[in-house]
Amino acid sequence: MIGRAVANEFAKMRGLRVAAVAGTLIACTAGLSLLTAVTAPAFADPAGERSWEPLLASMALAVPLASPVLLAVLASRQVDIEHRGGGWLLSQTSGITPGRLCRIKFAALGCVVSAATALQSLLLIGAGVLLGVAAPVPVGAWAGYTASVAVVNLVLLALHVLVSARVDNQLVGLGLGVLGSVLAATATGLPPWLAHTFPWGYYALATAADYRDGALVMLAPDHSAVAALGAAGAALFLLATALFDRRED
Amino acid sequence: MPDIVTTDRLAKRYREHPVVHDLDLRIPEGCVYGFLGPNGSGKSTTMKMLLGLVRPSSGEIRIGGRPMRRSTRRELLGGIGSLIETPPGYGHLTGRENMRLVQRLLGLGDGQVARAVRTVRLQDHLDKKVRAYSLGMKQRLGIAMALAREPRLLILDEPTNGLDPAGIEEIRGLLRRLAGDGVTVMVSSHLLGEIDRTATVLGILGGGRLLFQGTRAELFARSAPDVLIDTPDPAYAHSLLSGGFESRLDGTSVRLAGLDDRATAKAVAHLVGAGVDVHGVRRGERSLEDVFMDLTGGGGL
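As they're listed, the protein sequences go chains A and B.
Each residue of the first sequence is one higher than the one before, counting from 164 in the working numbering.
Each residue of the second sequence is one higher than the one before, counting from 513 in the working numbering.
Keep in mind that the hints are not guaranteed to be accurate.
Said to hold, decoys possible - A few chain A residues that don't get close to chain B, going by computed Cβ distances all over 12 angstroms: (1) T187; (2) L342; (3) S344; (4) P362; (5) A378; (6) M381; (7) P384; (8) G396.
Unchecked claim - With a straight-line Cα cutoff of 20 angstroms, these simulated EDC-like cross-link-like pairs (lysine to aspartate or glutamate) come out: (9) B/K778 / B/E758; (10) B/K641 / B/E609; (11) B/K641 / A/D243; (12) B/K641 / A/E172; (13) B/K778 / B/D789; (14) B/K778 / B/D742.
Rather than coming from a laboratory, the hints here were simulated on the basis of the structure.
Note that the structure is predicted; figures quoted are calculated from it, not measured.
Virtual Cβ for every residue (Gly too), placed ideally from N, Cα, C.
Work out the full structure, taking the sequences as your base and the hints as a guide.
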């Protein structure tokens, strides 16, 4: 039944412009990253040894700016249809409790978000190759950053699914997404301990390359912190959705 | 006929506020069960408990002889179609796409979906977006979604709410057809007239308590009609009787409510003793609506 319910979520995406929002997420992050990178002095000679680093650094700027809002939009569109279409009760009378429906929505949207996150990274690598970057791709750093961003994205997606399900007014979730973008964008300037205290700060902790005192440097991302965020996020999401099943309106 | 739904001392409280008290429902298989009561009398809460959507505070529910519990809920729901609160339907999808969601989720065949759609006569509107449906069409789509699983029991919460007279008549006809096909239908309403002629068994709820349960004839029999006394001076007769009886003027008669035969004889003797001419004594006609109003105290109607 779970597989059929997930398939239904993909069917419900028709007409919700989910593909367009996911496409915007990819285009915004890849486009903004590319624009930032090609205008950076470190990218003046694409054939140089360290030409992947400005691309990685520019992703660390673009991803936190664009992702939180677009994740909020994705979650809101997929959940709001249940409020407006009486879908919670319809699912319940078919044996799918509200908490389970949230988990199913997360699974379907999670596939879209994970694919979009991977695609934006691959697009940027492809663009780098096309622009003449000759050095080998730093696969470890790139894959690590992409995986970390995917984890943070999924945690934020789960948060937005819960907020959109709990609060009928979808402006609340969208407002939280805007606030998240601001927090994520400013987190790179915060001390790491402070960035650990809110989920949007983990974009900064995952950063693989950045400018320090005007110089581009490779960083040691805190992947373990991101993994801990993923584990805590999963546990809290399961707990919250289990509580949804106990609610009686 | 065996009962498909039984409840024993079913109750629901929200914090200290009781909503449903000690309900003993008995819904015979194959009937149309009219579940009546003023707004706020606990009908929707009861229906949600029957569907396992709301946990009872106490008491037990049995559907087809099996207890409705968390562990049995999903299996039992496979045989129950329902329409609770607003009719479901994703507005951005067509009627056909909505039906396909239900089909996929429940693993139903094409034939089951086609039969459900034909039953509610929606086959010509399936390619329209649901947001363009009228309220009546949305209700019919909701009922088709409930019927697609070919349930033994159909629970409909105020399905005629907001419909025009033609829409109400259409739903009535549908309920009769379903009952004819052997589906047990439980349908709630706060308006007796909407389901009076459709329901074969009535359950009347007031203040969360079951005030009556039985056939239409049993409901009539339970409430004695008013006594009408014809006299040439009804005003004087009324002034004599109003002290000891529930009396009011009704044209050229005096209408006395709640009198059994002994009390009727006493009232007549009182008038005769006071020198009032009594030309006739008879029981008045009572509409089912009057009986319903009596039972529910007229609340919310």
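Checked hints:
1. The beta carbon of A/T187 is kept farther than 12 angstroms from every beta carbon of chain B, the shortest such distance being approximately 19 angstroms.
2. Distance check for A/L342 against chain B: the nearest CB is about 28 angstroms away, which clears 12 angstroms, and the non-interface claim stands.
3. Every beta carbon of chain B lies more than 12 angstroms from that of A/S344, the smallest distance being close to 27 angstroms; the non-interface claim holds.
4. A/P362, annotated as away from the interface, keeps every beta carbon of chain B farther than 12 angstroms; the closest lies near 30 angstroms.
5. At roughly 51 angstroms from the closest C-beta of chain B, the C-beta of A/A378 stays outside 12 angstroms, upholding its exclusion from the interface.
6. At roughly 46 angstroms from the closest C-beta of chain B, the C-beta of A/M381 stays outside 12 angstroms, upholding its exclusion from the interface.
7. Non-interface status of A/P384 relative to chain B is upheld: no Cβ of that chain comes within 12 angstroms, the nearest being about 40 angstroms off.
8. The beta carbon of A/G396 sits about 27 angstroms from the closest Cβ of chain B, which is more than 12 angstroms, so the claim that it is off the interface holds.
9. Of the supplied pair hints, the one linking B/K778 and B/E758 holds, its CA atoms being roughly 13 angstroms apart against a limit of 20 angstroms.
10. In summary, the hint linking B/K641 to B/E609 is supported, as the alpha carbons are separated by about 9 angstroms, within the 20 angstroms threshold.
11. Pair hint B/K641 plus A/D243 holds up; C-alpha atoms about 17 angstroms apart against a cutoff of 20 angstroms.
12. Between B/K641 and A/E172 the CA atoms are separated by roughly 18 angstroms; this keeps the pair inside 20 angstroms, and the hint holds.
13. Under the criterion of a C-alpha separation no larger than 20 angstroms, the hint pairing B/K778 with B/D789 is consistent with the structure, at around 15 angstroms.
14. In summary, the hint linking B/K778 to B/D742 is supported, as the alpha carbons are separated by about 16 angstroms, within the 20 angstroms threshold.
Of the numbered hints given earlier, the model fails none.
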